[in-house]
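Q: Protein sequence lines correspond, in order, to chains Y and R.
Counted the way the working numbering counts, the first sequence spans residues 1 to 477.
Counted the way the working numbering counts, the second sequence spans residues 1 to 477.
It should be emphasised that the hints constitute simulated quantities derived from the structure, not laboratory data.
Some hints could be false.
The list cannot tell twin chains apart, which means a pair is met if one copy fits it or any two copies do.
What the hints assert, rightly or not - Dumping the calculated BS3-like pairs for lysine-lysine here, alpha-carbon to alpha-carbon at most 27 Å: (1) 397 with 452; (2) 38 with 326; (3) 38 with 320; (4) 413 with 320.
There are 2 protein chains.
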Amino acid sequence: MNYPNWLLQRAHLSSSRMALSYEEQEWSFSEMNSTAQKYAGKLAAFGVERDSRVAILSKSHPEFIFIMYACLHIGCEMVMLNERLSKVELAYQLEDSKSRFVLVDDKLVEKIESPHVITFTSIRSAKPVEFEIQEEWEQGRTISIMYTSGTTGNPKGVRQTAENHFSSSISSALNIGISAEDVWLCVMPLFHISGFSILMRSLVYGMGVRLHDKFDAQQCAKELQKGTVTHMSVVGVTLERILNVLDEHKASVSPNFKTMLAGGGPIPVAYIQRAETYGISVLQTYGMTETSSQTTTLQPADAARKIGSSGKPLFLYQVKIEGAQKPGEAGEIHIRGPQVTPGYIGRHSGLLVQEDGWLHTGDIGYLDDEGFLFVVDRRSDLIVSGGENIYPAEIEKVLLNHPAVREAGVCGKPSEQWGEVPAAYVVLNEEIELDVLLAFCREQLASYKLPKSIKTVESLPRNASNKLLRRELKAWN
Amino acid sequence: MNYPNWLLQRAHLSSSRMALSYEEQEWSFSEMNSTAQKYAGKLAAFGVERDSRVAILSKSHPEFIFIMYACLHIGCEMVMLNERLSKVELAYQLEDSKSRFVLVDDKLVEKIESPHVITFTSIRSAKPVEFEIQEEWEQGRTISIMYTSGTTGNPKGVRQTAENHFSSSISSALNIGISAEDVWLCVMPLFHISGFSILMRSLVYGMGVRLHDKFDAQQCAKELQKGTVTHMSVVGVTLERILNVLDEHKASVSPNFKTMLAGGGPIPVAYIQRAETYGISVLQTYGMTETSSQTTTLQPADAARKIGSSGKPLFLYQVKIEGAQKPGEAGEIHIRGPQVTPGYIGRHSGLLVQEDGWLHTGDIGYLDDEGFLFVVDRRSDLIVSGGENIYPAEIEKVLLNHPAVREAGVCGKPSEQWGEVPAAYVVLNEEIELDVLLAFCREQLASYKLPKSIKTVESLPRNASNKLLRRELKAWN
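Turn these sequences into a full structure, and let the hints guide you.
A: If you want it as structure tokens, here you go:
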């Protein structure tokens, strides 16, 4: 089946409802649609057309959304670039995705070296030309591509189809409900599935989005107090900062506010309990780029009873544990459902992401006797730092590229502020200043991925087949 | 893709939430699931198995639902028999559908002559055997088959798949919202799509159903007053009767109550306005058995401005008018979306129901310049008089606008001069000279559309869901 174009449909069905609000400005779905069509005409002037692969690099502001929605109207595949990445990392993604166009926020233009760059300013000043609007979207059409790292250290471009995003939106609605009054506060990056999925829900539900250009605990607390928003997405560290502000101000939260979706790793139950004293319901979720946002969610009512659990699968989804014979047995987490990506692009396009429709996550977990999922270990020792995923292998690869480094091992170490930060251990071929090594990393890695410590050691812990045992590294922290 | 079995999923995700309430009894989703599994074991004892075509004839009560849900667990195709049909009509449907089993409420056993009858009593007293529960449902799996009459007069068995029911539920939710507190009052027959779709929504949303065994305006008004329900489905005549009861009792409606879905033909705007004085929001809908319930819906905010309209398509659906070059031009209504049946069974299985994914409804209508659908008439009721098309609904609407008229039905009757002329039948609120009524019509209708006769009757012929049967009116001419 095909979907009617979501934005056209919302402009038709919920034309005067608020689609986006930013600072003091607001756009209805009707205005959003006509603005997106205008931008689509401008993009068409540069030759952007149906099925064009278009990379976008932008900070969070309304024009980023206008341009994304314009791409939806035209029928492009959007490669969502992470503004925190280094030039080297971005260049890799552009090359791997073979993006024909790179639409760049002027503020970030220094990050990209490509003959295909079109700045937002030049888009804005282009004269629109005729374009063929996509009235219908095929279910399997790729809407977005997001890069995620894996065990190999080479980031993989994950295809997210219209059906992936639709079923994710629907499944969330079947879990937490929907109402015409809902407004979702978006402080998550729009290029990340946590932020992007808010836009998809907006189009599917006809729901308003309140956009902040970045996370600011004071500003968030203000929205909650005023009751201008009903939902928001958080990670542990942002939730805690908001709670601190509410505490400081002895503030109360408007009864309009309904739910927080919390992703990016387990949330301490103390945060959830503190949130409850403000009447805030926090739902912990487990998901990944390959599942277009949440796959399981823990209801607040179960939070204290099921500490550390990520909850149960949403209505359309199934979770099983590879090889587990009975509840409590850990194994690889397998996921099935219409939210699961059909696969990767570029050099990983041959990589099997599903078997019999089951996504092999690489994460380790178990289901308890009531069917609650507990994630024991994220794949390949994933480090979750302030909600961002960091893969040790990616950092190790960079370290190993330096001639002075013979072996490298990276693991997470606890951080009060970020939950976890990366720590590196290296075996050297020759003497080198660790600052020099760090500067070498800085050229190739986003700053949040930089090791917060680098220590020289004689050897690294390895198993019999010489595989690095990152979990043992942690004992050295 | 496959759906996880909806009832299993709800028993897992919303186990303690109310699934069904009837008189003083209640069943949670967990209880409903175990009861359905018990009944499935009993059905299996008779040889009912996956893909069995099972006809069911029952009055509205919980056991009917247990048995339907048992059939879902086993994976049967349910032929939903209408208890108001004659023995001859039922025999036709059993023969056409080649039903292997006929499950019959003991109260209705005289209606069926078939060697395949299994009474509810014998099911109840059977000893359950092992059966294989369907953990997953294919999207294209036939869940229900409902017979509908057409222009031919030969009822056709319409297949309704899991995807049809799912998308119908989802589309309704995207229109009116969903919340964990919702309870839908079901007074529509469960064998009809209007009632059956309430059960499907219940399973998809995890929503409670409050079941009445039949429509009783007093009982409905009581539920609205007490606030025990949040939604209900009505047709024009049942809505009016409920309003009359509320008026009589000078009653108020609980703020818990949210929305009425009104189907089965246009609702007089006066009813909608009366409902609004009670805070009841009435949404007129247009749908049919072939679309598994509503395809378009009119919001109350538009009701006065768009009198007679059936609203706009729901989010996943598209409507177009065959041959129309511009807004306002009437033609056959074509419908596209995942709610459209893949086709008929039995002797009509070869009949093409879709072309390029578009359902040709046979109904006549137009879209206005804002995209609102106006159903001018169901094609089979069209009166052709001296070459002019006359749509009974138009005349009925005028008659209903007169305060003395409670119900009105119009059909064609043979005329030597004109081929056909309109004849009207009215149920009155109070005595009135028919000449006065005719004069009232004359003010609002072209003369060729004036009923050539108006007769007062006690009641009008209606089907189980209270929809006016204009074809039966013709027998009165």
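Q: Decide, hint by hint, whether the structure agrees.
A: Here's how the hints hold up against the structure:
Proximity of residue 397 to residue 452 under the C-alpha cut-off of 27 Å is restricted to the intra-copy arrangement: shortest distance 16 Å within a copy versus 76 Å between copies. For the homomeric pair residue 38 and residue 326, the shortest alpha-carbon distance between copies (24 Å) is at most 27 Å, but the shortest distance inside one copy (57 Å) is not. In this homomeric assembly, residue 38 and residue 320 come within 27 Å of each other (Cα to Cα) only across copies, at 26 Å, whereas the closest approach inside a single copy is 46 Å. Taking CA atoms no more than 27 Å apart as the test, residue 413 paired with residue 320 passes in neither setting, with 29 Å inside one copy and 60 Å between copies.
Hint violations for this structure: number 4 only, all remaining hints satisfied.
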